[in-house]
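All chains, full assembly: derive it from the sequences and hints.
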Amino acid sequence: MLPISHNSTGHDACPSRMQRAHVRLPLSTRHLAVVATLLVMQTASAADDVQVWIRAFIPDAAISGTTVPVVSTSGGAALKASDGGCIATDQRTWSDERGARSRLVSDFHLLVDGASGVQLQSSGKPVTAAAGIRSVDCGSGVEIAVLPAQLLADELGTPAQTDKGAQINVRAAVADPLRPWSSTTIHYDATFIYHPSSRTLEYQALTGVFPAYEAYATLNGGPAVTVFRSGPVRRSESAAGGSKADVASVELKGEVNLGDAGKRPKPPTNLTVQ
Numbered sequence: 003m004l005p006i007s008h009n010s011t012g013h014d015a016c017p018s019r020m021q022r023a024h025v026r027l028p029l030s031t032r033h034l035a036v037v038a039t040l041l042v043m044q045t046a047s048a049a050d051d052v053q054v055w056i057r058a059f060i061p062d063a064a065i066s067g068t069t070v071p072v073v074s075t076s077g078g079a080a081l082k083a084s085d086g087g088c089i090a091t092d093q094r095t096w097s098d099e100r101g102a103r104s105r106l107v108s109d110f111h112l113l114v115d116g117a118s119g120v121q122l123q124s125s126g127k128p129v130t131a132a133a134g135i136r137s138v139d140c141g142s143g144v145e146i147a148v149l150p151a152q153l154l155a156d157e158l159g160t161p162a163q164t165d166k167g168a169q170i171n172v173r174a175a176v177a178d179p180l181r182p183w184s185s186t187t188i189h190y191d192a193t194f195i196y197h198p199s200s201r202t203l204e205y206q207a208l209t210g211v212f213p214a215y216e217a218y219a220t221l222n223g224g225p226a227v228t229v230f231r232s233g234p235v236r237r238s239e240s241a242a243g244g245s246k247a248d249v250a251s252v253e254l255k256g257e258v259n260l261g262d263a264g265k266r267p268k269p270p271t272n273l274t275v276q
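Numbering (this note's numbering) for the sequence shown: 3 to 276.
Bear in mind the hints are in silico, worked out from the structure with no lab data behind them. Treat the hints with care, since some could be wrong.
[Claimed, not checked] Label pairs and their calculated CB-CB ranges: (1) 100 / 160: 18 to 28 angstroms; (2) 199 / 225: 43 to 53 angstroms; (3) 141 / 199: 41 to 51 angstroms; (4) 155 / 224: 42 to 52 angstroms; (5) 127 / 152: 18 to 28 angstroms; (6) 255 / 201: 27 to 37 angstroms; (7) 141 / 118: 16 to 26 angstroms; (8) 111 / 146: 35 to 45 angstroms; (9) 139 / 111: 17 to 27 angstroms; (10) 152 / 97: 44 to 54 angstroms; (11) 261 / 193: 34 to 44 angstroms; (12) 154 / 223: 28 to 38 angstroms.
Glycine residues also receive a C-beta, built at the ideal position from the N, C-alpha and C atoms.
Listed below in structure tokens is the structure:
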């Protein structure tokens with residue numbers, strides 16, 4: 003322990019800055035000081051920032067083994083619509099780029115801290131955004147009209163700390179007036195649970211059958227990890243007789259590792275069509 007000197011007024015006099023700079027602590031004390039500093043730094047950075055984005059887009063090629071009825075026009079790929087016309091696609095296939103063209107997208111951050119729980123981090127932008135559908139001429143690809151997006155649902159639940167982890171639900175839907183298949187809306191309803199101990203993200207999602215749906219996530223600003231991808235589902239084979247019937251929704255379940263971005267995610271389990 004350093005001796006304490008007293009000045010003429012009787013008050014304790016602390017060592018000057020220069021004196022403190024030359025104070026040598028015992029080796030063990032200096033080691034303890036370093037360890038304490040590291041612990042403080044580790045505690046300050048203990049919160050995990052999990053960013054998730056889920057979206058729907060109109061693909062322009064065969065994806066996930068599903069044949070998309072693409073019409074080639076001079077203006078790009080298009081799909082046949084219910085009214086006999088055509089819908090312009092988003093001119094892409096799967097992409098983890100956050101700015102990739104989409105019809106419906108929800109994008110949010112979760113801050114998960116073992117001490118303070120879980121909270122949403124606001125970016126100042128709307129969590130959900132929707133884009134209109136372009137009707138084009140099936141021969142020339144020339145745009146006929148743009149049907150404005152009619153957002154039917156836009157809900158981001160309050161994040162909660164459960165015994166399983168940090169949980170949040172997101173639901174969004176937009177009208178699809180030119181529906182090329184049986185679904186009348188483009189929609190998804192998904193629950194995500196982040197497990198801090200294993201740094202994995204569990205998900206359960208219900209999507210429409212059209213168009214294509216994809217979700218990605220990052221951990222602490224790291225590389226994007228594919229959570230799930232689901233191509234358009236037009237019909238499903240029934241168990242009895244092999245007959246076919248229209249389906250209205252697709253359910254996806256699974257879990258991905260966010261702590262190891264180089265690891266390929268497992269495909270969705272228990273994929274069912276309803």
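These are the hints, each one checked on the structure:
1. The supplied range of 18 to 28 angstroms is met by residue 100 and residue 160, whose beta-carbon atoms lie about 24 angstroms from each other.
2. At about 21 angstroms, the CB distance of residue 199 to residue 225 disagrees with the hint of 43 to 53 angstroms.
3. The beta-carbon spacing between residue 141 and residue 199, approximately 57 angstroms, falls outside the hinted interval of 41 to 51 angstroms.
4. Our hint of 42 to 52 angstroms for residue 155 and residue 224 is violated, since their Cβ atoms are close to 31 angstroms apart.
5. Distance hint check: the CB atoms of residue 127 and residue 152 are about 20 angstroms apart, consistent with the given range 18 to 28 angstroms.
6. Distance hint for residue 255 and residue 201: a CB-CB separation of about 19 angstroms, inconsistent with the stated range 27 to 37 angstroms.
7. For residue 141 and residue 118, the Cβ-Cβ distance of about 59 angstroms falls outside the hinted range of 16 to 26 angstroms, so the restraint is violated.
8. Roughly 39 angstroms separates the CB atoms of residue 111 and residue 146, a value that falls within the hinted 35 to 45 angstroms.
9. The given range of 17 to 27 angstroms is broken by residue 139 and residue 111, whose C-beta atoms sit roughly 42 angstroms from each other.
10. Restraint check, residue 152 to residue 97: a C-beta distance of roughly 25 angstroms breaks the suggested window 44 to 54 angstroms.
11. Remark: the range hint 34 to 44 angstroms for residue 261 to residue 193 is contradicted by a beta-carbon distance near 21 angstroms.
12. The hinted window of 28 to 38 angstroms between residue 154 and residue 223 holds, with their beta carbons roughly 33 angstroms apart.
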